[in-house]
Amino acid sequence: MTPLLSVDNLTTGFQRAGSRYTVVEKVSFTICRGQTFALVGESGSGKSITALSVIRLLPPGARIFTGQVMLNGEDLLKLPEIQMSRLRGRKIAMIFQDPMTSLNPVKTVGDQIGEVLTLHFGLKGRLRQERCLELLHQVGLTDPEHKLASYPHQLSGGQRQRVMIAIALAGEPELLIADEPTTALDVTLQAQILELLEKLKRHRGLALWLITHDLGLVADLADSAAVMQNGRIVETFQRQAAPLFAHPTHPYTRQLLEARPRIESCLVNRCKAAESASPLLQVTELKVWYPIRKGFFKRIKDYVRAVDGVSFTLARGQTLALVGESGCGKTTLGKALLKLIPATSGRIYIDGQELSALPLKYRCRMLQIVFQDPFSAMNPRMLVEDILAEGLKSLRPDISRKKRVELVERLLEKVELPADSRLRYPHEFSGGQRQRLCIARALAVEPKLIVCDEPTSSLDVSVQKQILKLLKDLQQRTGVSYLFISHDLQVVAEIADHVAVMYQGKIIELGETDRVLFSPEHPYTQRLLAALPGKHLLSPDSIAEQKVEIPT
Amino acid sequence: MSWVVLWTDALLFALAAGIAALALYTRRQEHLRRPWRKIARSRTGVAALTVLAAFATIGLLDSIHFRQASNGQVVSLLDRWIEPLRIRSEKTYSAPFATHLYAREFQTLPDGGKAWLYPRLQYGGAHLQDPNDRWRDVTQRALLGGGKGAAVWLLLNMGLALILGLRRLMWPPWATVSLTLGILLVIGWTVAELSLAYHVLGTDKVGEDVLYQSLKSIRTGLIIGTLTTLVMLPLGLGLGVVAGYFGGWIDDLIQYLYTTLNSIPGVLLIAAAILMLQVYMAAHEEQFTSLVVRADMRLFFLCLILGITSWTGLCRLLRAETLKLREMEYVQAARALGVSHPIILLRHIFPNVFHIVLISVVLDFSGLVLAEAVLSYVNIGVDPTTQSWGNMINSARLELAREPVVWWTLAAAFAFMFTFVLAANLFADVVRDAFDPRRAEE
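Chains as they are written, first to last, in the numbering used here: chain A, 1 to 552; chain B, 1 to 442.
Next up, chain A with everything else stripped away, as it sits in the complex (with noise of 0.2 angstroms):
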């Protein structure tokens, strides 16, 4: 097959002060029609850099140093910029991740598709529009004719990253660069794009470019396979051979296989003596309204019912987790434990004692939180010390000074950190060892109870399994329990005892890992299985094996 798109000894990097920061190095790969490649990297590994240097859309500062990049046999690095932009959306397109924010808020969908069209075609008019309405209808908006005409925080995360890719094919191009497309979705939704993507990269004979970072997705997808670790591409794959990933042969590869989380590991972590453990949390019929007030006089006409009446028992020591689709009341709940958020109506008893009924000091000993967002958590002003000792400062006033420092010290300790990260600020820090720093303030207190609200959804496979080994390990040493929030069914089989399923705010079904992960009663519980990437992976124990056939 000849090749659509090539990269050659690709280098790109930031020019400052006389030195050269690279970001690329060396890269080069083909991509050839029809075909799917996919770029697969953690979080700065330089994939994005990549693709806006093929397109020639740097950020300001960034410059390409070395290399070619041919496409139909022209090297896109030697044309005039007039003729580059010509190019842009006509040979090439691009979706990005984000579809909330790549939209432009303030034109209608049809306007935002058609002005490709104009652009590119010269299209005006009835012609147009016709031409909109056939995009619309094979990117499978239903009612095109009504989308047409609204605006984008009218549609939903879903239909919005299916518009993006209705202006990306509006120049009908030949290589389409799909930017982690499916991100930003939930688990259902990025099924459907996939699916999308993949027939029509069939039916138009497109060359499709995906870059992400989630192996289980390319595995699924992709034809041919690059893995980037720190600027280079360190292994290859090639689909015809065998499946993809099945013969890593790089460290790199073979640390992201293992680190994926997988449904099946829950399958070896049934050995906890489940039944015998007293209640911990009982929550029964618990609800948290919004009213939606309306009208001169602001009277309430409804209610959005975020958490709709939901009970539930977790024991001391153990973890249930709440997984759901974005919007399904799983936050909402988990802060409404902590009294974040108002409970409408609704009991919880926090070891027999009813929880509104407890003194405000004596509820935060009992419950603490971990969020989602490391980076948010934590005072930028403040210094790592007093952020830990925060806690111990409101809560545990006769501590003194010097007892805080030491115990602050054996908190850095248990969440594995130096103890000299006491006098450093929280930018210092990576994202995953500012998550460890929030469950040693969580953990400051003593609690028996943590709310981990998507504590590792931001944070690279890798740095993710660390997580999640040491949220165990604590949960073992302390005998704390968790209350795991998270959107990933992956991730949650690796450390739930109890999985609940919300759906509209609701429990739809709740009970064992393994039962719920193996044999889904809910129609709901088994669409959100179905939906998840990554069976052509091979299993975990495949690639042990293979290990020790090939010493690295």
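Source of the hints: derived by calculation from the structure; they are not laboratory data. Treat each hint with caution, since some may be false.
[What the hints assert, rightly or not] Mimicking SDA-like on lysine to any residue, the simulated pairs with C-alpha atoms at most 25 angstroms apart in a straight line are:
id : chain 1 : residue 1 : chain 2 : residue 2
1  : B       : K324      : A       : A246
2  : A       : K294      : B       : D252
3  : A       : K393      : B       : E30
4  : A       : K535      : A       : A246
[Claimed, not checked] Which chain B residues stay away from chain A? Per the calculated CB distances, all over 10 angstroms, these:
id : residue
5  : L109
6  : G113
7  : Y118
8  : G146
9  : R347
10 : V378
11 : P384
Backbone N, C-alpha and C define an ideal beta-carbon position, used for all residues, glycine too.
Given chain A, work out where chain B should sit, using these hints.
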């Protein structure tokens, strides 16, 4: 001789002490030190800061008052320093570097005849035998003054080099400081040397030296710019943060307060307040024993009322920022840890809105100096006896209508105000860039 402490003096020195304390505190906080290091790297910022410091020094010198034993007048250290400028007044207008008055007088000639003539000045160029010689004399004195200034600069640099070491002096920020200081010293010494023999910026209607007025106006501008901020800061900061953090009826109340205040025309409110003060001062004359105290009271009151009318902008800005910060996860984490509201405000909200406060204070400063000029122009600003750029511009209104035109008062006020406000604005710009978190990564 006895010290006299005016209201504005006390507050200005309190403010200076406060800034010094803040600087000491900043030195120990890494996250606060970082943006200042960025400012130190910027040539514009350092140069502007040096100019501002020169202005501030003059203003502070002018704020140490005492009563002269000889005649009971209240004068400042600056007045003593530039005594010749203060007391050598002519009869009326004279142009810069003039040797004769700007108006003709009816004079008796030596031969007994009478004629309309431009009389010689009492002080300006009085040492000259032949007035036509003056430009040569001016050049000589200018060169002499410049030379002296350069010499002082060299001495100062040697001193600095001893303290800092030569290597550090050659690099920013010290190289910029030294260069700016050099320019200021040369200009200053030249002007000083010239002003011993001439009225460098001319004289005004009652023969007072315009250079003296311009120098005295620095203190007024400085006080208006800083004390007003001092009044407005607690209101804007306190109410803004409280409104944003607590929300609900507290937010409603504060918002109503500042929308109401905003909808009253500011100039009218200030006019009403100043008139009320005048009525009060007229009724209680025994409390205001001297003209200086009266003028100072009015200046102080003007700062107060300007502060009260101008906190709304900062308040709104801080309210919006706090609304955002309130939902930040670290604030929620603090709430989950049972930290009380006042401590959350103090520990989590204040430090994170501090950059906004700093930026808006520095930006407002130049606006307030200009506002003083405008208010004095419509006669509701500072007391007519207080030297201020506004008053100078106000008097220039009539002078510009004269034939021939008296342009130097306006030009002097303009030049001084321009330098001061430009330095403040350039500095504000650099401060904003350094503290803006969105630019922090660059």
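Query - 10 angstroms Cβ clearance of P384/B from chain A - result: holds (48 angstroms)
Query raised in the report: Within 25 angstroms, alpha carbon to alpha carbon, are K294/A and D252/B?
Result: holds (19 angstroms)
Query raised in the report: Checking the smallest CB distance to chain A, is G146/B really beyond 10 angstroms?
Result: holds (38 angstroms)
Query raised in the report: Straight-line Cα separation of K324/B and A246/A no greater than 25 angstroms?
Result: Violated. K324/B to A246/A sits at ~48 angstroms, over the 25 angstroms cutoff.
**Report entry** Beyond 10 angstroms from each Cβ of chain A, as asserted for Y118/B
**Finding:** holds (63 angstroms)
Query raised in the report: When you check the alpha-carbon spacing of K535/A and A246/A, does it fall within 25 angstroms?
Result: holds (13 angstroms)
Query raised in the report: Does V378/B really sit off the interface, with its C-beta more than 10 angstroms from all C-beta atoms of chain A?
Result: holds (43 angstroms)
**Report entry** Separation of L109/B from chain A, once the least beta-carbon distance is taken, above 10 angstroms
**Finding:** holds (75 angstroms)
Query raised in the report: Is it correct that the beta-carbon of R347/B has no partner in chain A closer than or equal to 10 angstroms?
Result: violated (7 angstroms)
**Report entry** Distance rule for G113/B, whose beta carbon must clear each one in chain A by more than 10 angstroms
**Finding:** holds (79 angstroms)
Query - Given pair status - E30/B, K393/A, alpha carbons within 25 angstroms - result: Holds, because 22 angstroms separates the two Cα atoms, which is no more than 25 angstroms.
Violated hints, in rising order: 1 and 9; the structure is consistent with all others.
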